[in-house]
Amino acid sequence: MIRPVLVRREVPVRGGQPLAFAVGLLVALLLGAVLLLVAGDSPMEVYRRMLSASFGDLEAFSVTLNRAIPLALAGLAVAIAATMGLWNIGAEGQILFGATTAAGIAQIGEGWSGPVLILAMIVGGSIGGALWALGPAAAKAYIGVNEIITTLMLNEIAVRLIRYLINGPWKDPEGYGFVQAPALPEQSFLPNLFQRTHIGLLIAIAVLAVIGLMVSRSSWGYELRVAGSSGATAAYAGISLKRKILTVLVLSGAVAGLAGGIELTGNATRLTETVSNGYGFAGIIVAALALMRPSGVAAVAVLFGAVQVGGQSIKAIGVSDAVSTVLQALILFGVIAAGVLIVYRIEMAEPKVRST
Amino acid sequence: MDAAPLAVELKGIWKRFPGVVANAGTELTVKRGSIHAVLGENGAGKSTLMNVLAGVYRPEEGEVRLFGERVVFANPADALAAGVGMVHQEFRLVPTFTVAENVVLGAADRVLNMGAVERRVAELAGQFSLDVDPQRHIWQLSMGERQRVEILKALWRDAEILILDEPTAVLTPNEADELGLVIRRMANDGRSVIFISHKLHEVKQYCDEATVLRGGKTVAASMPVADLTPQQLAELMVGEATEAALRPEPRQAGEQLLSVQNLCALNNRSLEALSNISLSVHAGEIVGIAGVAGNGQRELSDVIAGLRESTSGTVTLFGEDITTATPRQRFRAGLSYIPEDRVGVGLAPQLSVTDNAILRSYREHTRGPLIAVDRAKAFCADVVDSFKVRTGSLDQRIAGLSGGNLQRLLVGRELTAEPSVIVASQPTRGLDVQGVKAIQELLIDARNEGLGVLMISEDLDELLAISDRIIVMHEGQIAAEYEGADADRSAIGLAMAGESP
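From first to last, the protein sequence lines stand for chains G and C.
For the first sequence, this note's numbering begins at 13 and goes up steadily by one.
For the second sequence, this note's numbering begins at 907 and goes up steadily by one.
One chain only, chain G, in its complex shape (with noise of 0.2 Å):
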């Protein structure tokens, strides 16, 4: 029987990894198609109102921006950590956490002025992040816990958290009975850079554009690309192992911290447990799709930021924004899969005798 085997290519592909995206892309679209034609709605017309809500003008895009914020943050932190070959899973809970900080400064800074009272929040988020990353780090670093399972599992602990802070100590006295965290006063709203994308926008590229040089090119992201290629390595170029799993997970909570700052005082009126949004959870999948590189996690972060905000409108026509989420999955998929394509050919070919 001949059956298609997958034969390593002696050249990859040549511009690889755009032309995967191109075609994952282009496959991915295909798929939800079909999915749509069989739950009896038009494609066309689903992805004609998903482009327009999300590219079709200045303001549609605007907001498609306001998504990307969290998104490629979320893909950072998760992208640095993988340079080392850390898993950071916990973005979610980092920005949940960051949040919370935020919120919590919100409440003591009443009174303060808006720049002094937003920065205070942005940079409490970042802390928040950070710290709700130091236990993982701390006991990969020193006891060697696996950070995946760690990470994860803290997610968890901060949705509860912030339930807990809800129900009880940061009730809202005013909430007339609804369960829910006080008003953030106004001077805490992040003022808008043009049409509803706000200043976010900005702090976002600093960060990417700083931290994407410093992995690239600074002799600490040297350190950290060594460290990820192999531990052993590491240690014998007199590379400290331990302090740098502790600042990289620390630092790619800060990032994420930093963007559940940036959510809470950009686009949230009050504290919730959903602030969120699961941006943690999507960054993991942006940082894949840009293979953990940050200069390549901006772009997918506005793509998915675009599928997101597409898959709200097309509720208006009774399509569930179930078709959103899809979408996204089936983009990894198909991304994925071309790129296996750009390194290997298929063949077909005889069954091979088992040898080993």
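Treat each hint with caution, since some may be false.
[To be verified] Below, computed lysine to any residue pairings styled on SDA-like, alpha-carbon distance capped at 25 Å:
no., chain 1, residue 1, chain 2, residue 2
1, G, Lys-152, G, Met-165
2, G, Lys-254, C, Asn-1173
3, G, Lys-152, C, Ala-1323
4, G, Lys-152, C, Leu-1172
5, G, Lys-254, C, Thr-1272
6, G, Lys-254, C, Arg-976
7, C, Lys-1283, G, Arg-305
8, C, Lys-1123, C, Gly-1021
9, G, Lys-254, C, Val-1249
10, C, Lys-1123, C, Tyr-1268
11, C, Lys-937, C, Val-926
12, C, Lys-1283, G, Gln-199
13, G, Lys-254, C, Gly-1250
[Claimed, not checked] Calculated from the model, a selection of chain C residues having no Cβ within reach of chain G, i.e. all distances over 12 Å:
no., residue
14, Ala-930
15, Arg-1016
16, Gln-1041
17, Gly-1086
18, Val-1251
Because the hints were derived from the structure by calculation, they are not lab data.
Don't be surprised by glycine CBs; every beta carbon is placed ideally from N, CA and C.
Fit chain C to the given chain G structure using the hints.
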């Protein structure tokens, strides 16, 4: 059962791998109910031959006969079904399962009655004096106990022929003696045991017959162990000198550069790997460390390089105590290290040629917090040119380089720092003939320029060819020391095998 056919006959086995012939017409016959030693140096073809018998590899030529009948195995399961069980050096057990679960894994009834299985496993263990509790989990067991579980697995599947691949390497001396009793019971039960080892005293103590391999060929087949002296076995193992040495001109060694005093250290399993090692390396000499793999050489080089802590003793460089210095401090002080595991320790496989070239010196090629890419590339180009590393682009990942070029890059990087001492662990292993020659010449040049070289190798010919002195390590101790000129092959071979000459 006098007329019983031989349990195992391997006839004219050929097996090649890219660049190496592992078995070149190897022969092996094993009698029923006997313990048969297979001896040979690293690379003699022992493991490949055993993997052929256990169905892991298919020979390109030759035949396998069990109890007189020709068999062809497609996979290890076939071999097991025919009665050949193998206990590999790396155990294949599920740590979170119990002993009984591991034993029956893949060979259980559809409905498991664990109580009954545990009783039967305990019974089987008792029959062969294998002391292990069927209810305990693998992760709770010592290496010796895990090995017993592997043996139980083979017995559970009715293995008539059991292959033990260097079984004592992971055992304490007491555990090794217990294993000796277990395999004797198995032999008395009519089973055949193939015992792979480098250690002559174990062969003398536990085995009935011995077959010696060298360079993929059988140089002595089924010799009764009782009639052999360790001296004879050692000579068979190491053979005669093969080629003229490229021995450098003898010269007067200079001042003492590196000195190790009463060094002790543990291996990764927390067993003593080095006990009271003392040696020194002087300017302008190559000191060769000979020994069979796993006798503490790796730990010795790691401790000297600062990658492993010593439990006692001192390391000094230029008379300064560096016992607690970091790897970076040692390198700065003039100690270069070519580790045994080139790509996992000495190089970062996923990074570029440039990134690997600056591994030791990246802090010197910086502009502010950033690495000065132009200076780093210039440095890399210099190493690549001076040491003739063949590479397409300096930005390409080193994963695409050949073994010889990887080693040139590594050795080049270490020598470019102008060290005064080089510790080189297996620097030529796995390289082709030209690569071996090139690396040996680099080390000899370094020695001629007045560096001290400590070279660890399992290839005795190589050490005899280029060393000024040879130190033999056995079980973490220095077993013997020879001046290069009057080093005697068979005496070294004997010392390597743990016999005093």
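Now the hints, each set against the structure:
no., hint, in the structure
1, Lys-152(G) x Met-165(G), "holds, 14 Å"
2, Lys-254(G) x Asn-1173(C), "holds, 21 Å"
3, Lys-152(G) x Ala-1323(C), "violated, 34 Å"
4, Lys-152(G) x Leu-1172(C), "holds, 24 Å"
5, Lys-254(G) x Thr-1272(C), "holds, 23 Å"
6, Lys-254(G) x Arg-976(C), "violated, 57 Å"
7, Lys-1283(C) x Arg-305(G), "holds, 22 Å"
8, Lys-1123(C) x Gly-1021(C), "violated, 49 Å"
9, Lys-254(G) x Val-1249(C), "holds, 22 Å"
10, Lys-1123(C) x Tyr-1268(C), "violated, 48 Å"
11, Lys-937(C) x Val-926(C), "violated, 30 Å"
12, Lys-1283(C) x Gln-199(G), "violated, 51 Å"
13, Lys-254(G) x Gly-1250(C), "holds, 19 Å"
14, Ala-930, "holds, 19 Å"
15, Arg-1016, "holds, 26 Å"
16, Gln-1041, "holds, 28 Å"
17, Gly-1086, "holds, 32 Å"
18, Val-1251, "violated, 5 Å"
Figure legend: structure checked against the earlier numbered hints; hints not met, in rising order: 3, 6, 8, 10, 11, 12, 18.
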